[in-house]
Amino acid sequence: MSVEVRIPTMLRPAVGGAATVQAEGETVGEIVSGLAATYPGLAGQVVTEDGALHKFVNVYVNDDDIRYLSKLDTKVGEGDTVSIMPAVAGG
Amino acid sequence: MLRLSTRAYAEMVAHCYDGLPLEACGLLGGTGEDATVCYPTANAAESSRVYTVEPKGFLRADRDAEERGIGILGVFHSHTHTAAYPSPTDVTQAPDPAWHYVLVSFADGAPVVRSYRIMGGNISEEPVVLLNR
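The listed protein sequences correspond, in order, to chains R and P. So in my numbering, the last spot in the first sequence is 91, and the numbers never skip. So in my numbering, the last spot in the second sequence is 224, and the numbers never skip.
If you're looking for bench data, these hints aren't it; they were derived computationally from the structure. A quick note: this is a predicted structure, and the numbers were derived from the prediction, not measured. We put the beta carbon where it would ideally sit given N, CA and C, even for glycine. Careful, some of the hints might be misleading.
To be verified - To give a feel for the contact side, a few chain P residues facing chain R, derived at Cβ under 8 Å:
#  : residue
1  : Tyr-142
2  : Thr-143
3  : Pro-146
4  : Leu-150
5  : Asp-153
6  : Ile-163
7  : Val-166
8  : Tyr-176
9  : Ser-178
10 : Thr-180
11 : Asp-181
12 : Gln-184
13 : Asp-187
Claimed, not checked - Beta-carbon label-pair distances, calculated as ranges:
#  : chain 1 : residue 1 : chain 2 : residue 2 : range
14 : R       : Thr-38    : P       : Ala-201   : 46 to 54 Å
15 : R       : Gly-44    : P       : Arg-154   : 22 to 30 Å
16 : P       : Glu-157   : R       : Tyr-68    : 34 to 42 Å
17 : R       : Gly-77    : P       : Ala-201   : 47 to 55 Å
Starting from the given sequences, assemble the full structure and let the hints guide the process.
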């Protein structure tokens, strides 16, 4: 299953500047693993070394935050859009 | 340099006023150095000291910017009692070296707006110019 993954500006250097990339997988975790193989620089910004979703990153399937679904086990289907959105914060 | 449309500037400052006594935040969209769209977002931190752009607000802004054919150029937030200068937290958490980091300070009562670039922990102020549109 191929889905579109939206990449915000701050992560685009890790994917060669693209705003969207295509990735294969049945779950968000598979999508992320697939992207990590193609774009090694992206993986460290999305998941921790032990494979959990990074605290400062929010991942959406369409309009839904995967933290409130099944996290990295969240299923994706044909036509879904996955968005990787780093936290924007400060003091 | 950051060139802000008068409309985006007014919306940004109004949103920061509305957020008082807490810090307010949002995103700026545009092209190149021209920020023409203000995307006010909730401060998910609900704090007078720190801010977190409400993640779904970021998602909506990102999508809207794409539909308009523009990009997210930067983030703004208010300092309620300190100067319009990035705090150490702002520097360590700055997500994108290409972004403009805009501060709206109420330390002196009337809002003071300044913009910065933050690259590798280094802060450099840049001029803010208002566009007549």
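Hints not upheld, ascending by number:
Numbers 8 and 16, in rising order.
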